[in-house]
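With the hints as your guide, set chain B onto chain A.
Number of protein chains: 2
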Amino acid sequence: MSGADLSEIYRGYIDCLNRQDWSGLGDFVHDDARYNGGYIGLSGYRKMLEADFRAIPDLHFNIAFLVCEPPRVASRLLFDCTPKGILFEMPVNGKRIQFAENVFYEFSEGRIHDVRSIIDKAAIAAQLAAV
Amino acid sequence: MSGADLSEIYRGYIDCLNRQDWSGLGDFVHDDARYNGGYIGLSGYRKMLEADFRAIPDLHFNIAFLVCEPPRVASRLLFDCTPKGILFEMPVNGKRIQFAENVFYEFSEGRIHDVRSIIDKAAIAAQLAAV
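Here the protein sequences come in this chain order: A and B. Under my numbering, the first residue of the first sequence carries the number 1162, and numbering increases by one thereafter. Under my numbering, the first residue of the second sequence carries the number 1162, and numbering increases by one thereafter.
Since the hints were derived computationally from the structure, they do not count as laboratory data. Nothing here was measured: the structure is a model prediction, and the numbers come from that model. Check the hints yourself; a few may be wrong.
Each pair may be met inside one copy or between any two copies, as identical chains are not told apart.
To be verified - In silico lysine-lysine, DSS-like type, Cα no more than 27 Å apart, as pairs:
1. K1208 x K1245
2. K1208 x K1256
3. K1282 x K1208
4. K1245 x K1256
5. K1256 x K1282
6. K1282 x K1245
Next comes chain A alone, as it looks inside the complex (with noise of 0.2 Å):
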């Protein structure tokens, strides 16, 4: 698989979670997929995603930038959005807030297989602070 149709996939993914399309998750996301070197499988990233939609009812996931090398996708996140409560263990408590999250993909038979991820929290933390 080239990088640019491997790229193509990974904006299919990221348009997939935007529409919270969970029946179609499956098209991305292994059955053995693993995140930050756990096994979660497809079932419990979906969870996860779930949960994530249900702390920040206006999540969007806006790709900055992406680098690609099959196998492997790297992405820059960002985010601007209100959280209801509690996120990350910090009380955002619907302020406003961005950050950001850079994420390495690396795909198996097409689909996310293992990813490692770091978001931004502290940039997060000085957001309340500051508030």
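The following block gives chain B in isolation, referenced to the frame of chain A:
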């Protein structure tokens, strides 16, 4: 420049850091370097790294994996080290800690021009809390 060439340059950069070869840093870092959205230039970049090694005398950059698509490199870096005192506003005080950094580099004229880094500070906090 091919992806393989850029990966090789990046590995040379990491080797330069691990040797603390500050006189050679300009071979890898652009005079007008930017870091997490701010201009720091080559001299600011060198000062930042020198401060990192003062805070973490046994600092060593370990590449877990690279994703390379010119002009960008994405790298997952792993650290296993014993910072002396305060690190990222946390009292590490000589404890041995492990953490990761997911970082993007954009190259210009064969040198690092723009960096977007997120360090997993929450992992460090969790290790300190568990002691």
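Exercise. Which earlier hints can't be squared with this structure?
Worked result: No numbers; nothing is violated.
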